[in-house]
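Using the sequences provided together with the hints, build the complete structure.
There are 4 protein chains.
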Amino acid sequence: MKAIVKAEPAAGARLIDVPEPRPRRDEVVVRVEAVSLCGTDLHVYNWDAWSAGRVRPPVVMGHEWAGEVVEIGPDVRGLRIGDTVSGESHAICGHCLQCRTGQGHVCRETRIFGVDTDGCFARFFAVPEASVLRNDPSVPASIACMQDPLGNAVHAVQSGEIAGRSVAILGCGPIGLFAVAVCRALGSGRIFATDASPYRLDLARRVGADTTWNVGETDVDAAIADATRGEGVDVVLEMSGAVPAVVQAMRIARPGGRVSLMGIPSRPVELDIAGDVIFKGLSVQGVVGRRLYDTWITMQSLLATGRLDIEPIRTHRMPFASYASGFELMRAGNCGKVVLDME
Amino acid sequence: MKAIVKAEPAAGARLIDVPEPRPRRDEVVVRVEAVSLCGTDLHVYNWDAWSAGRVRPPVVMGHEWAGEVVEIGPDVRGLRIGDTVSGESHAICGHCLQCRTGQGHVCRETRIFGVDTDGCFARFFAVPEASVLRNDPSVPASIACMQDPLGNAVHAVQSGEIAGRSVAILGCGPIGLFAVAVCRALGSGRIFATDASPYRLDLARRVGADTTWNVGETDVDAAIADATRGEGVDVVLEMSGAVPAVVQAMRIARPGGRVSLMGIPSRPVELDIAGDVIFKGLSVQGVVGRRLYDTWITMQSLLATGRLDIEPIRTHRMPFASYASGFELMRAGNCGKVVLDME
Amino acid sequence: MKAIVKAEPAAGARLIDVPEPRPRRDEVVVRVEAVSLCGTDLHVYNWDAWSAGRVRPPVVMGHEWAGEVVEIGPDVRGLRIGDTVSGESHAICGHCLQCRTGQGHVCRETRIFGVDTDGCFARFFAVPEASVLRNDPSVPASIACMQDPLGNAVHAVQSGEIAGRSVAILGCGPIGLFAVAVCRALGSGRIFATDASPYRLDLARRVGADTTWNVGETDVDAAIADATRGEGVDVVLEMSGAVPAVVQAMRIARPGGRVSLMGIPSRPVELDIAGDVIFKGLSVQGVVGRRLYDTWITMQSLLATGRLDIEPIRTHRMPFASYASGFELMRAGNCGKVVLDME
Amino acid sequence: MKAIVKAEPAAGARLIDVPEPRPRRDEVVVRVEAVSLCGTDLHVYNWDAWSAGRVRPPVVMGHEWAGEVVEIGPDVRGLRIGDTVSGESHAICGHCLQCRTGQGHVCRETRIFGVDTDGCFARFFAVPEASVLRNDPSVPASIACMQDPLGNAVHAVQSGEIAGRSVAILGCGPIGLFAVAVCRALGSGRIFATDASPYRLDLARRVGADTTWNVGETDVDAAIADATRGEGVDVVLEMSGAVPAVVQAMRIARPGGRVSLMGIPSRPVELDIAGDVIFKGLSVQGVVGRRLYDTWITMQSLLATGRLDIEPIRTHRMPFASYASGFELMRAGNCGKVVLDME
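Protein chains in written order, with my numbering: chain A, 1 to 343; chain B, 1001 to 1343; chain C, 2001 to 2343; chain D, 3001 to 3343.
These are computed hints drawn from the structure, not numbers from a lab.
Among the hints, a few may not be true.
[Said to hold, decoys possible] Here are a few chain C residues that face chain A, going by a calculated C-beta distance under 7 Å: (1) ALA2007; (2) GLU2008; (3) ILE2081; (4) HIS2095; (5) ARG2100; (6) THR2101; (7) PRO2268; (8) TYR2293.
[What the hints assert, rightly or not] Per the computed footprint, the stretches of chain D lying under chain A, defined by three or more beta-carbons under 8 Å from a beta-carbon of chain A, are: (9) 3098-3106; (10) 3257-3265; (11) 3277-3288.
Please read all numbers here as calculations on a predicted model, not as lab measurements.
Even glycine gets a Cβ: it sits at the ideal position worked out from N, Cα and C.
This is the structure we're talking about:
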């Protein structure tokens, strides 16, 4: 079958023929219908320092997918051939403290498909039942494949109360945009979104941001103070990973508010712990991955009922073979999510 | 000034002249712009057994209101003349265990305006600052006056997780209808609503119910089982107070689900505690009043941002002097909320 | 090997030779060191209506155990030969909604060892890794084997806040006694315990009850009112399953309090939902099993650190072969837990 | 009456005669029986930069007290003459967003007794009813007066789950020592405590620390890794305010753990947000003051029932007039809490 493979330890990837996978005892084989490109895929494609230190070519890339179950291992009990499914990108160990107490998203032995083991950028994909979730048949594959990053946003938004709370979303990359849409679907108060890209701020408004500010043009601290009568915002979702934005997140949250950190800063961050965290009684969470599987269950319900519409964030669709163009788009930045359709 | 007064211990009420109130040290006087009629008002109007045992005429009726602050007592610190405001119907003691630990809604010494003390069905209304909340000026008085019962619904919906959860709302009187709208605004999963009135089921669909069933025509247990593949529903909001509906609530909730009870049954209810509550690991809450003031804060934000639209539930508006017609409408049942406008 | 077997569909059990089990791929084999007798075992032993409808002899009885891993299936990853272990009595499916969202204790497909499949009353016991937890080596087997019912108590106590809260424990059978000890270990406020047996009330005082009342001698409603200045108690743990105690639980909880129901009533219970649940804003939970595996993790830590001492509740120890005497003791009621030691 | 007064803007304080206070409408006057010295008092005594910028002499010092109500203002409803009481050191506004939603501990308009307004280091003390809590008569004044700082510790410990969780307490000043005792009373798992003072580490062991490490002698990171099999600790309570300890707190918490920050660092702190907070899915809270009044209610119950014994932390008692010796002791550091008894 055709697959997008990181074939050697160098930039790029190849669309080549590889053997079709067979399921292990606890696995199913899925016929992949649509996949989407993640920032992690771009790191691997670019063969940056992180990838070079972790990935062992050859490996089939990709971990965001939707498809249909076509074969079932003998120990699989909860899935049937014909089920429309997607899956969690992180395979977890299942028996550590974290896995046994609802914190599998920080399992120390997690492995990522398309990074540590073969992924989903292929016609067929073998995946353990434990990582698979059934989609409502009404949700198209080109939407369902984006659930892994959508789940990041759902997890971040749901890391505390959101109903009626004002929220600042710092960074409108795909996960920031998903967060805007999720906040809106869950009845947040006013949504303020920031980014440096007019293209992305426009997208943010389309999916529900009440106010957007270009960080290159607006003093966001002052704007938040003005919009909240000096109180600060109830909730900050830091999605950019920019060091100044992490610092700002602490500053613009109101006393008693919360800051959920998801964007990954590339270096240490100096914080005014006394003034911005302790005296304000702030709640700060590091957010990674998705709650397994609460986040998925909530997300699937929101999509199946139409409460949440993420279609505007899927800005580009192209054939599977055009993956290189997709990665180019991501590098340029004028995109939401890029989806590849299997033909 | 004109006021609707329960003047003597008998059915009915009179629109008569009473002295304008002056604020006590911790009170403000509000010029009332709009009020709405509550089921409790109807009890008092009808002079049923409960009213006869509790109300001491003469008393100005009413506790659902919106207006503007026109006078301020010397100890008031958080309000100004000109503020647009509404208020909580229950005045609480402020120093009991419940009041001091965020459970003021079950304060034992609570007094209800229009029942235990003069209420708001008048041109002017004196009310303690502690019971007053500022409305966003964009919310019209004829909407803002309905926040007290809307808050009942918000409290019930927020008694547990709602995002993405399927929910059955049993009883589509005004609070049930508000609950439908709130579930929708907060991103619940599928919403099933039941009632015996086609008029109210139609309203339920208009404010966001996905499916409605007339309890006189449909086997709701079977319908829920069918709609949830035999699992049961994640959340049940019992809003009818009908004894069979309370029993049904426990039965149709899924294992691990929750049942929030708000409708008041008129007699004891026989429950299968073993099968329906314990073995299912159910969470059951009695819900009364509003969280003071978390519920109000959330509700005001939802109205101010337009996330929640309750206008369709305000089915009737009429002049203040037509209150008797309003009570007639409520008796007949073909209405949502009835609002009286001050002229 | 020797095992206590429900050999035919009739009262009693036999100590007979059965083949030693071999582990399936995901199982370990444990050499059992100590077991304890559960009320469920007594039902099976007595061959009551429930047992007759569910158990299919022959089956090795028992589900409360401690021992050492002696053999490991090829798919087991988190256990090693020599580990000292105990295990959860309920084997759950792992892929239903409940199992995937931290509610495995109400999995619909749960199977109980010693009831639906061979249990632990034997020299060796084969059990899936997913049901096994490592004990701290400092905890003796004759204590560790009681963790399954101890976990019921931990789950009940932790179904809401307990620190500093006054608590009434209705029913001082073994799980009620464990609950007393757990409340004490977790810093509850005053502990009131009730039962009809002076023997058990004495045990309750020994493990930490501040006040005990014999329900045959004391008006418990009046005593609670007296002890709490008419407020009612913060938390009620209903452990008796007696219908009047379930009703009483709702009555003696304070407004805003909680009632956790664990004792199984044998018939429907008539409750004053309006007065006792709704107007009091009560929180009521059905509690069954143990949180998998939060309850186990907490419990094991409490035992390993010595914060929790349950030794006084292990009132009887006897050799494995004396099981019939153990069941007689349970019938008579003058006991806490009965432990059988392997020789 | 005699009072300890910061009489002029300079170091020191004077024991002088001042007029006895009369209650305002919403105040009571308390006859003070015992007070304790807080680090804040020492700052004011020393007249450091913070004090010089905030305190306006003359002001009666002190905010940790216990006594008896001797006079009552006309609007007071929940207290009686003769009640034994203590009180919250922070007087809050009562009508801001934070005050109205259970976050009064971060009210922006808070005023501190003995800093912004006259305090309790005097024979009589006038204090608003809203800041007063009734003590159980069984708790001696020399213990009850320490509840304000004890409440800091209770608040920090209860900022997340504690039952059965391993906990590292960084810094064994009085609040750190209280935290050790509270963790023990609430059934935490293993308690690790660190400090640079052998005197204080000895005290920590006496009130319940399982293991203590002198930061000048032990590599705490390595010791934690060793004690937790490389997992890290479930909970970190940072009580020292030392910058390296704040950094360490993030490092030694396990993935999915929590860090509660209470010690005030004197300068910004550089944190590895990516590695220590986000990828570990950490929960971090700034903790200040006490939950009003949940923390007080819990604390009073723990003291009244004897579940919590803080007497070993009250290392020094002396007559009121010896306050200067008390401040000397605090400067030297070889003490827990210093209590002054009224004669």
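The hints, checked one at a time:
Of the supplied interface hints, the one on C/ALA2007 is violated, with its beta-carbon coming no nearer than about 31 Å to a beta-carbon of chain A, more than 7 Å. With a cut of 7 Å, the hint placing C/GLU2008 at the interface with chain A is violated, because the nearest CB-to-CB distance is about 32 Å. Below 7 Å, beta-carbon pairs count as interface contacts, and C/ILE2081 has none with chain A, the closest being about 16 Å; its hint is therefore violated. Against a cut-off of 7 Å between C-beta atoms, the interface hint on C/HIS2095 holds, since the closest Cβ of chain A lies about 3 Å away.
The criterion of a C-beta within 7 Å of any C-beta in chain A is met by C/ARG2100, whose closest approach is roughly 4 Å, and the hint holds. The beta carbon of C/THR2101 is positioned within 7 Å of a beta carbon in chain A (closest approach about 5 Å), and the interface hint is therefore held. At its closest, the beta carbon of C/PRO2268 sits 32 Å from a beta carbon of chain A; the interface hint therefore is violated under the 7 Å criterion. Because the beta carbon of C/TYR2293 sits about 4 Å from the nearest beta carbon in chain A, less than 7 Å, this interface hint is met.
Counting residues of the stretch 3098-3106 of chain D whose C-beta lies closer than 8 Å to any C-beta of chain A gives 5; at least three are required, and the coverage claim holds. Check result for the stretch 3257-3265 of chain D against chain A: holds, 4 residues qualifying (beta carbon to beta carbon below 8 Å, three or more required). For the stretch 3277-3288 of chain D, the stated coverage by chain A is satisfied: 12 residues place a CB nearer than 8 Å to a CB of that chain, which reaches the threshold of 3.
Checked against the numbered hints listed earlier, the structure breaks hints 1, 2, 3 and 7; every other hint is satisfied.
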